[in-house]
Structure formats: structure tokens, C-alpha cells
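Enquirer: Residues per chain, in single letters:
There are 2 protein chains.
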Amino acid sequence: MGSKFNAPSLSLLVIALCIFSSPIGKVQSAVSTTTSITVWPQPRILRWPSPQQATLLSPSFTITTNANHHIHLAAAVTRYLRLILTEHHRPLVPPSAVNFSTDTPPLQSLTITIAEPAAPLHHGVDESYSLTIPTTGPANLTAATPWGAIRGLETLSQLVWGNPTRVAVGVYVWDAPIFAHRGITLDTSRNYFPVEDILRMISAMSMNKMNVFHWHITDSQSFPLVVPSEPNLADKGSYGSDMLYSPADVRRIVQFGLDHGVRVLPEIDSPGHTGSWALAYPEIVTCANMFWNPPGGEPLAAEPGTGHLNPLNPKTYTVLKNVINDVTSLFPEPFYHGGADEVVPACWKTDPTVQTFLANNGTLNQLLETFINSTLPYIISLNRTVVYWEDVFVSDQVHVPSTMLPKENVILQTWNNGHNNTKRLVSSGYRTIVSSADFYYLDCGHGEFVGNYSKYDIQSGNQGDGGSWCGPFKSWQLIYNYDITYGLSEDEAKLVLGGEVALWSEQADQTVLDSRLWPRTSAMAESLWSGNRDEKGVKRYAEATDRLNEWRSRMVRRGIGAEPIQPLWCVRNPGMCNDA
Amino acid sequence: MGSKFNAPSLSLLVIALCIFSSPIGKVQSAVSTTTSITVWPQPRILRWPSPQQATLLSPSFTITTNANHHIHLAAAVTRYLRLILTEHHRPLVPPSAVNFSTDTPPLQSLTITIAEPAAPLHHGVDESYSLTIPTTGPANLTAATPWGAIRGLETLSQLVWGNPTRVAVGVYVWDAPIFAHRGITLDTSRNYFPVEDILRMISAMSMNKMNVFHWHITDSQSFPLVVPSEPNLADKGSYGSDMLYSPADVRRIVQFGLDHGVRVLPEIDSPGHTGSWALAYPEIVTCANMFWNPPGGEPLAAEPGTGHLNPLNPKTYTVLKNVINDVTSLFPEPFYHGGADEVVPACWKTDPTVQTFLANNGTLNQLLETFINSTLPYIISLNRTVVYWEDVFVSDQVHVPSTMLPKENVILQTWNNGHNNTKRLVSSGYRTIVSSADFYYLDCGHGEFVGNYSKYDIQSGNQGDGGSWCGPFKSWQLIYNYDITYGLSEDEAKLVLGGEVALWSEQADQTVLDSRLWPRTSAMAESLWSGNRDEKGVKRYAEATDRLNEWRSRMVRRGIGAEPIQPLWCVRNPGMCNDA
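Line by line, the protein sequences give chains E and U. Read in the UniProt record's numbering, the first sequence has 557 at position 557, and its numbers run on one by one without any break. Read in the UniProt record's numbering, the second sequence has 570 at position 570, and its numbers run on one by one without any break.
No wet-lab data here; the hints were simulated from the structure. One or more hints might be untrue.
Because identical chains cannot be distinguished in the list, a pair is counted as satisfied if it fits within a single copy or across any two copies.
[Said to hold, decoys possible] With a Cα cut of at most 30 angstroms, we get these calculated DSS-like pairs of lysine-lysine:
id: 1; residue 1: Lys539; residue 2: Lys349
id: 2; residue 1: Lys455; residue 2: Lys539
id: 3; residue 1: Lys236; residue 2: Lys407
id: 4; residue 1: Lys423; residue 2: Lys455
id: 5; residue 1: Lys494; residue 2: Lys349
id: 6; residue 1: Lys315; residue 2: Lys494
id: 7; residue 1: Lys455; residue 2: Lys536
id: 8; residue 1: Lys536; residue 2: Lys315
id: 9; residue 1: Lys236; residue 2: Lys494
id: 10; residue 1: Lys423; residue 2: Lys236
id: 11; residue 1: Lys494; residue 2: Lys455
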């Protein structure tokens, strides 16, 4: 669950050395130029000795597996077989280093062997795999679990190109992620995303060997999730009947995720970020529909859209527990995200019962403790590990003590203050997911969304950092180079489960989903899968640029609208666009 | 050609006052809330007195015109008739201020009357129009030219919504642009844009009443234009046979532009930005294919991709004049853009003939003078007004005197140094197009495209302004509020023809064309059409936010992938997302 290096077993290494014993000493540990065929994320070990060989892939290529009753693996096999046979990928730069030959017979088949077909797609499941594509004879993919096999199928698909279809041979791959948790947070409340767009995002995540879709479903702006026991919440709190996620939609997304090796982790943010609940239940929401930043007063919310669940109203828990119960039914994922970020005391203080409570020497922290005590045990009782945003523990304004957040049941997600907060959480003993806003927030630096914004009425001078509280824009390089265990001890680093980029949707919807996410998310995907350094320990962003150009192009051909990172000229003229 | 306010004729005002004389004193000069139907860009005068009336639009609605042989107007009429009858626009916020009634008969027809049907779509053509939609009887659109009528049809289309189709009645519009030149610069060299994407951009420009597509066709990275007399240039200098603009493509784009009231202004950038020419003619290009920023030396180009036409080689002019001649044949537009930006002397100095010239007391400026003298008279002889980037006149490194740039034939386009350079150009007597990089460059602040970029290998601390030389990101508000005649005298302001946003394509291609352009370009479109102030002279960005949300949504439904600027919640709760 941390940054440990899972070495391949000795027996696999012996097999690999036997297959690739010639030429001795010419083994490459990485394909490092765009004149070859490359893989994203770079596998931990990819051996394809020079001269790199390729042969045709048979049009009757087949994939067989010992886990042929596994419906999700079967779906993946069907999908990848079709992709491999029909993609006919055309690299941006012809792979001149590859010695393509029709002398060797076409590759006829891949055999997949799974050791533990029943392993569920849970946090920490073994995603390792080994792939061998010999120069003659069938290819072999071995994996501990179906989920590792899905990763291996993706790698195979990237080693296939051309028309007629070619495939790299004489290849050995051993691979496994450095970090177990590699995710995207998507906010579907500020603006709505249709189901098809979410599915496309999941398929792109799978292409990048990512495994967690953290679905920030609800917020103060809208409540798009149809909760069967509380239908009023979406009926009144959504943006409309065409902007809902029905139970059938959720089941479709969850199943699609499983078919792609992607967990779907639901977040029902509370007690803050709940203004939309007030449309159905005004009595359980404080400060709903108030101006977020009243002149002369304290802000009532971190951004426009006010409303906090009232921790003193028993009905809050009746409704919330109904939601929690239904959400855990809809989402089989063993993690449940409870939110708990950005609780703004001034919002609670607008409520008379809260005012009375505070007047009688109650404290703000006690209010949050009441809320946590009234919900966390219930969520745990539903066999869920609870993820909270770090605020619940570190906020200066209102937080609860660690005694109320049992480390065996609670994971904290950090977003503020870079490495400092990561250190703070893990040194307190919490398993931690890193979503540093300074590096992993994909919406930053894209202007302000607040209205009547006079600060942009300027004719010259300082324009700032691009707007938004978290500007500037996070470039793919910034994301790629971020080391999420920087400054941690070895033991502390083990508590870092992984990371998530986040797309908050104040200024995003389906029109820009792909280009905001990709290829910047690919940068994190590789960094968390196999790292951001070469075998000498040097940051490999220069080499990664060439591969990422190629990978971005391939994603586009696969239907993902990833944005370009360079002129095509740079791709075709390696090194010529480098910084001086 | 400047910022003059074209007042409507007295007779039109009288007509308007007669039609809308009741209720006296309740005339609205602008539709200012999202609870009505709004128009983008806001017309100069839009009178729709309260209570605002609407009626059905007849399914057999027709449009007739006295200029029925005008092929471009006919195309526009066909297009708008179809749009009006089939769009069934659904406003984000129901237009509660509009009193829809079926008591009045449906609107049956629009009559278009054109005074000068033969007026060509040239700079400064009269784009004014008047539109009256009475409560009963046919609507009337009068315009001096077909191009003004096309603008009026767009306005009418925005006053139509719903299913069944409703139309605002009791409406009077008088409209005309403040600035005659309202354009987009698109760079199709760094990355290629398919013809279909260019056509979609032009259609979106027309929706925003913009009128100039400044096509930066070629540059050092690629030469995608097929020039009939010099076919080698694209054959060797393009990115490939699937990334070309053939003469037929150009004709299609030009005709599509005319059908939409959009001029297509070609730029063949030279003598700098010509590295791609070297693939066909290495002998006429200095410093081609060299590393752009050699260690220990001077940079050879402003960015990766080197190459300048050699001003001392006669063959340069043979080739370039062939190109110019063919381009003026392909593009009927009377303006021709010659580029002439970012001439980097170090590139010329790599050439032995240049070295000899300079050693014999020749100067850098003389080199550029030779180039201009060898090309500008030729372009002028082809009946073209020549646009150059300001560098040719203001560059510290190399420039030519104003005596060589006759003001009657030359227009300068400013991009550096904000209002200062605008002032410098107009005070020197040049007609000027404003493309301030600090405000109008749409690619800025989106990370660095150069490879091996170590400055993003940071774990904390200052992340700068979002990357790129021109960061930060230019928000729609920044663009909207920019006053392109700021600090100019009245006479100087008359020399400002208008403005262009620019999308340089190092990090853009078809995947992000729409979202990079829209709705930020809409912000400039309104600012240049009817200004950025209300009738009291106050900047109207707050009110514009609501209208731009609505307009962005409508553009999306029309197939333009414009990005969102706010959560839908903000649109539905006017004022609640405002800055404190």
C-alpha cells in the first residue's frame, strides 16, 4: 500500500533471462526514443533487446485464459482483442529502430494465466503482471489477479501497431504499480457530466492503468444522484430531469469500471457543501441560499453556493443515513468518501439552535464531533473504510481529534499545503491519499468564475497567476515531477496510498472533460505507476515528453480528446524543441 | 474604420419611436437580466419595451429579400431559416420577463431590404442593420449591404427560442459595429487544423458577428498550403499528405467565409518563421534545422523551429513572389498579411553571404530593407493592402523606416507592450490592428511546450504564471474589459481598425480549437462590436456574465464546443455567484 518496489520473483527473472539471453549485455531496460514503439505508463521492466524485432499479428489472433468465467476479464479480453485487431495505430514517428520481419510467423495467440481469479478489485489488489512475447510461438501473460491481467492487456495493445498489424516480439515485461491508489476526482455537482462522458473517462483511465474514479457526486450546487430512499434530494436538488444519475446509471458506471479495472469510489460531501440538499429538506441545512460572502461579514462558504447540514438537527442524520445506506448499496466499493472539507463555522452560526448551543458554551469542534460521531460509526458498520478530506483533522477553523478518527477505519486525503500536510497526516499515522491542489488540481489558473469580478478590469500591469484560488495552471511537467512521498521517512511513505488528480467543475463540463484531464492525468498515472525517474534515478521528463506526445496521439485516435503538448514538428525532430 | 459611433439616421429613429411610443418612458435600452431573451453581442440599440411580448413563429415562416440573386445572402437566408425553424433553443433560465401570448397571430415572414446589394465584403463595409419585429405583421430587416443583413439575421435568430418556436415581438434593433475589424488569428503551422474545424470556427465567428479570419497559414514548423506554382513547398514542407490545404480547400473556406460574412485574410509569414521552406529550397533559408538556442550563443529563433528567408539570395524572391502571386489568386481578400515579425539577426548571420555583407559595412536594417523593397511593391502591385506585424517598424533588433512602409498601403498589427505600442503605431500615422499578447493571445498560461524543461521539476514554492512567455491565462473578463483605444487621442483612435484574438498552436489542435476560442473570443466580439460599457458608461462585465453564460450554452447546442465559465447554479441564481 505504499511506495514499495515489488520485485519480480526470481523464477520469472530466470525465465526472462533464458528467453533473452542473446545478445548478452545488450538488454535495454527502457525504450527511450520515439523511433521505437513505446508504452505509457512506462513499465517497471520492459526488455526488448536490440535489434528490436517485430512480426505480423495474425488476423485470426486469439486470446485464451484459464479464468474464462470471470465476466470482467472476459469483457476486457473481448475489448482488447477487438482493439488489437482493428486499431492499426500509426505512430507519429515511424519506429525506425524496430526490425520488422515477415520471415517469422505471425503471432497467433496470447495465453493468460491467472493465479487468483477470485481476487476482488479492492484497494491494494495485486496488479502486477508479466508479459512475454517470444519471437516465435504464443505470447504469455501471467498475473496474480484478473486486474493485473487487464493491465497486461493494455501493455500488449500498445506494443501493437500498423496496417497490416505488427507486434513487438522478443519482449519481456514485468510490471506492477509503485502506488496502489491512482485516481481522478471528478466533481459532477458544479456542472453535470453525462454518463457517456464518465464512461469515456473511465476507459481512458484504464488505458493509463489508473484504478480509482473518486466520484464527487454532490455538492452545494446540485444533487444529481437519485437516492431511492430519498428521491426528493435529486428530484428537487438536481439541475433537472436530464441531469441525473439514476440507480441504473450508477450500476452501469460501476460495471463499466469493473470491466476496466477501475474502482468507483463515491463521495457524498458533508456536512459542508450541502446547499443543494435544502431544496428537498430546508430544515436540515443551515445558511442555505444566502449570499456566500456578505459585505461586512464573514464568508458563509468557501465559494458561491452556501449550505451546511445542521449537526444539531436529528433529521439531518435520518436523511444522511438513508443516503449513506443507499450509496453503499449502489457502490460495492469498500471505500466510502465522507467529504468533511471546508466546514465554515459562520454558516452554522446562522442557525438559531447552533447559536444557542454556542451560547451555552458549546464549541465549534463539538459540533463537528457530533456530526462525525453520528455518521462515522454508521458508515463503518456498513463495512466501509471512510475517506475524509484532511480538513476534518487539520482545519484551523473546526476539526475533530484523532481519537475520533480511528486509523484502521479512516483514510485522509490531503489537498492543502503541499508536502507539509502529507507529512502531517502520515506522521499522525493516517493512510493518506495525495491530491495537492498546488500540483494535482486540473482546474486551476483558468480565470475566475465569480461574477462581477472587477479585478480583471485592467489595462496593463500585473495579471496575477491566471486566476482562481489555486492558480497557476498545472502543466503536465509539474504534475509528472511531483514526488508524493517527498520528505517522508520510509515508514511514513508506506502510509501514502497514492494520489488523485482532481477536476472541480466550476468551469468544466462535457465540452472540456477530455482536454482538461488528458494528457495531464497521464503524467500522474505514469509517475504513480512506475515513477518519474530513469534507472539512474534521474528525472525522466525529457524522455517522457517524446513518449507522451506519442501516447497522447494514440489516445486521440482511441477517441479521447487529449490536448497536444507540442507542435508535431517537435515530435518529428527529437531534441530540437528542448529547453536551452 | 475607427471607433466612431455610427448614429442611426433620424428617419429610422422616428419610425422606431412611432412603433414603440407606448408606454412612454418605459423603453428599455438593453435586455439586462437572464430572465429575458438576450443577444450576443449586445446590439447598440435594442428596444423591447416592458412588458416584453412574444408570439409563436409560424412553421411556414418565410424570409424574402430584394437581393435575391446575391449568392452569399441567399446562403445565409437558407441557413438562418433552417436554424430559426429547427433550433428550438431552450434558455438556461426560463425567460420569465417575457409575456408569451398566442392571442396575437404567429410571425409569418421577414422582409429583407438591401440598399447596396453589390457592396463587396471588404474592410469598412457597412455592417449596420435595422430590425423591427412588430406585434403583428411581417418583420423587417433593412441594411445598407448584404453583410449587414447577415448580422441582422443572426440577431433575429437569437430572438427566437422554444418548442413550439417563439419569437420576440414589439422589438426594434439598430445595430452597427464600433470597430470594423473583428478577427481571429489562427496558426495552422505549429499544428494542423482540418478544414472542417476551420469552417466550424468561421460559423462561430459569424454567430458572434466577427468578420476577419486572419489565417497564419505557414511558419517554420510546417507549410501546409498547396501553392500551385511552387508545389514542392507543401509537398516537402507540410506535415504530410493528410495535413494539407489544397486550392480547392482554400476556395471552400473562402466561399464559406463569404456565406458567413467573414473575410479570409491570408498570412505568409516572412522573412522569419520560414524554416519549413527549407525542405523544398534549402538554398534560400538561413539557419534552417539548427538548434534554436545554442549553448553559449545567441538564440537563432524566438522559439524552436529555425529558419529565415535569405534576403540576399535572388532565388528567395523568385519563390516568394510565386507564392504571393498564387496566394492573391486564391484569396480575393484585398488585405494580404506579410508577417515580418521576430526577425532574429543571429539566424541571418549564420549565412556566409550575410556575413560578407555585414563585414563590408552592410547593416542588419539594410538586410530587412532589401527584403521589404523586394516584396512590398510587388504585393501592392497586386492591388493588396499589406498588413505586417509591428516588428517591421518597431523592433529594436532590425526594422525599416516608415518611409519604406507607405501608410496608404501598409497596416501594422501590434502584439507587444500593450497600449504603448498601439500608441506608438497610430501616433506614427499607421492604421493599426490590436492583438495585444497580454490580453488577446488565447494560448498563454497553459504550460511550456519546450522539451526537457527543468523549471517544472519543483516540489514547492513559486510556480510562476502558468508557463509560456505570455502567461498567465487570458480570462474572458480580461479580454472583455480591454479597451483597444485606451490612452489615444480621438484622431489616433480613428486609426485603430479593430482587434484580433490569436490562437498560436504550439499546444492546440482540433481537439481543443473550440474550447480555446470560445467563449473568450465572444468577449472580444462584443467589446469590439458594441463596447464593454452600459449606457451610463460603466463597464458591464457583471451583466455580461449572465448573457455570456446563456450565449455559451446556445453556441454549444449549435455545435461549438465552447467551455463553461460558471457552474449552472450561478446562471440559475443571478447575482449569487458575484464577487463580494
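Enquirer: Compare the structure with each hint and give your call.
Expert: Consistency of the hints with the structure:
1. Lys539 - Lys349: Answer is neither: 49 angstroms inside a copy and 36 angstroms across each miss the 30 angstroms cutoff.
2. Lys455 - Lys539: This pair counts as between: shortest inter-copy Cα distance 12 angstroms, intra-copy 39 angstroms.
3. Lys236 - Lys407: neither (37 angstroms within a copy, 64 angstroms between copies)
4. Lys423 - Lys455: between (35 angstroms within a copy, 24 angstroms between copies)
5. Lys494 - Lys349: Neither way: Lys494 and Lys349 sit 40 angstroms apart in one copy and 57 angstroms across, limit 30 angstroms.
6. Lys315 - Lys494: Neither: 40 angstroms inside a copy, 67 angstroms across copies.
7. Lys455 - Lys536: So Lys455 and Lys536 pass the 30 angstroms test across copies only (20 angstroms; inside, 47 angstroms).
8. Lys536 - Lys315: neither (59 angstroms within a copy, 51 angstroms between copies)
9. Lys236 - Lys494: neither (44 angstroms within a copy, 54 angstroms between copies)
10. Lys423 - Lys236: neither (41 angstroms within a copy, 55 angstroms between copies)
11. Lys494 - Lys455: between (44 angstroms within a copy, 28 angstroms between copies)
The structure does not agree with the numbered hints 1, 3, 5, 6, 8, 9 and 10 stated previously, though it agrees with the rest.
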